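Number of protein chains: 2
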Amino acid sequence: MRLATLRDGTPDGRLVIVSPDGGRWAPAPVGTLQQLLEQWDEAVPACAAVTTFAEPLDPQALAAPLPRAWQWLDGSAFDSHGALMDQVFGISPERTGLPLMYQGLSDRFYGPHDDVPLPDAALGIDFEGEFGVIVDAVPMGTSAAAALGHVRLVVQINDWSLRALAGPEMKTGFGWVQAKPACSMAGIAVTPEELGGQWRDGRVCLDLLVDWNGDRFGAPNGAAMAFGFHELIAHAARTRALPAGTIIGSGTVSNANFREVGSTCIAERRGIEIVDEGAARTGFMRFGDTVRMEARLADGRAPFGAIAQRVVQAG
Amino acid sequence: MRLATLRDGTPDGRLVIVSPDGGRWAPAPVGTLQQLLEQWDEAVPACAAVTTFAEPLDPQALAAPLPRAWQWLDGSAFDSHGALMDQVFGISPERTGLPLMYQGLSDRFYGPHDDVPLPDAALGIDFEGEFGVIVDAVPMGTSAAAALGHVRLVVQINDWSLRALAGPEMKTGFGWVQAKPACSMAGIAVTPEELGGQWRDGRVCLDLLVDWNGDRFGAPNGAAMAFGFHELIAHAARTRALPAGTIIGSGTVSNANFREVGSTCIAERRGIEIVDEGAARTGFMRFGDTVRMEARLADGRAPFGAIAQRVVQAG
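Chains U and H, in that order, are what the protein sequence lines are. Quick note on numbering: the first sequence equals residues 1 to 315 in full-length UniProt numbering. Quick note on numbering: the second sequence equals residues 1 to 315 in full-length UniProt numbering.
Derived from the structure by calculation, the hints contain no laboratory data. Values in this document were obtained by computation on a predicted structure and should not be read as measured data. Idealized CB from N, CA, C, for every residue including glycine. Mixed in with the good hints, there may be bad ones.
[Stated by the list, open to error] Computed beta-carbon distance windows for the label pairs: (1) U:T10 with H:A279: 52 to 60 Å; (2) H:D120 with U:R200: 41 to 49 Å; (3) H:A48 with U:D201: 52 to 60 Å.
[What the hints assert, rightly or not] Chain H is faced by these chain U residues, among others (derived, beta-carbon under 10 Å): (4) Q103; (5) P119; (6) A121; (7) A179.
[As the list claims (entries may be wrong)] Here are some of the chain U residues that sit facing chain H, going by a computed Cβ distance under 8 Å: (8) P93; (9) M101; (10) M140; (11) G141; (12) G175; (13) L297.
Can you make the complete structure from the sequences, with help from the hints?
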């Protein structure tokens, strides 16, 4: 099942069901995605029974599938990303063997084609390509094995970052607030089975294709997570119950052969430059720059649709 | 004006207006506190016009004034607390001269008399007494001077912490997830003018009286914040717009003369013991332990009511 949210002037928008080819939609029998997630088992059969899609889907009309969420917990599960970022920030944070995770802003997620307003290009504007999952209610203390059954939807996320603020915030030990403005989400949230064999061991085993200003920047594969999403969920739920609609992020998709496959954030390329050449030479984004992010199944379909958006000066 | 939320079986409860003596309530003309915060200027006159309070207030029936919020950003604005915590965790985090702040769990706040379920007493269960403010919508880039006008309500918070997890999470640079379970809130949220001259320079200039298992543990004053709430709000809003209903916390109330006034968290007392005696001897909370937190005006009234609750094993 493929779900999307049409803008309708309300904060949560209007839930629709998207055709397998992504080109059309039908009304959902539940008003919003949050409502569906709160009553998944009862409400999902009626959604799954929708097989006629009469309306053409305008990607510009899409909000994020979940335009706001009660909780957004972003992991950093790709080891090659972490190692490069330590180079960029000039830090050696302690690694505990546990997943890395922070809580980010969740009161708004930009839609896939929204302009993204940020205050100052000198702050080091960067994209971060991620996969994510949305869970139903997860009790405190849920095991990783049990957590897999709470994954209701898989999503694709651009976790906007301000790199000039990120290193200093890490060094306080408090984590990020200013360095992490609102994220964007691709327009379509899919149930795991829509990914077929590419949903495996709690991982989205697809290349994430990222273009910056129209040029391919990277295409690493999501399979390389050091922890699967089920393990990230269990980590998050160790001391808290997770409300339905909690979104868990993979962290920036990154592969160890980053010189071949490229990166899904600029900071990582700068880290490679520091390692290889002694200094970073790639700059961060400028106002007006665009980024496009998309994953494709073997048959060529983009299960999440594409994020394709532009950074603009906040006014 | 004094506002509270009665449990009614819904996640957001039912907003009521509380009498000046805290003993009675009247229905509010707006359903929930979140709704009021989203339409403050339009809706507050009708709330302020309520002057007859027919119903006796049962403190046990109170939820947190805002039982869930779109955002909870907790500062750490008391310097004497930070210095002692560095002792406890054995760390020397970098200080930037900017406010310290992390984003915490906001999908639920416990009411003032709720039992607080936690998974394991070996995790170092600790209370943290704080003051907080609730804002209406704050645009990105709002100045500290302008932020003061966005403070609609003042609240009192117990920021539950798991100390065995806190130090290791700080050392990752990602901040806290597991170390910060859901917080509790005193039952009554007040508009700043209810505090009279004790709301001053964006600070709650009241002693916060904390009792652990019935014994006075500390009574430091909230005036000692190194940054006022308006400065914390501006810090939070530098790269994000804050939705109406965002709660901003002061961090653990602490005074430099902590040996005289005591502390509002156990970890701080342990820090003092480490400084004075070379090792901590006060243990953390055990299941069944209680904590009470209350501030009082000059006339003896407790503007926020009291937090008085018990820690229990999650089951």
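Hints versus structure:
| no. | hint | result |
| --- | --- | --- |
| 1 | U:T10 with H:A279: 52 to 60 Å | 57 Å, holds |
| 2 | H:D120 with U:R200: 41 to 49 Å | 33 Å, violated |
| 3 | H:A48 with U:D201: 52 to 60 Å | 57 Å, holds |
| 4 | Q103 | 5 Å, holds |
| 5 | P119 | 6 Å, holds |
| 6 | A121 | 12 Å, violated |
| 7 | A179 | 8 Å, holds |
| 8 | P93 | 4 Å, holds |
| 9 | M101 | 5 Å, holds |
| 10 | M140 | 5 Å, holds |
| 11 | G141 | 6 Å, holds |
| 12 | G175 | 2 Å, holds |
| 13 | L297 | 32 Å, violated |
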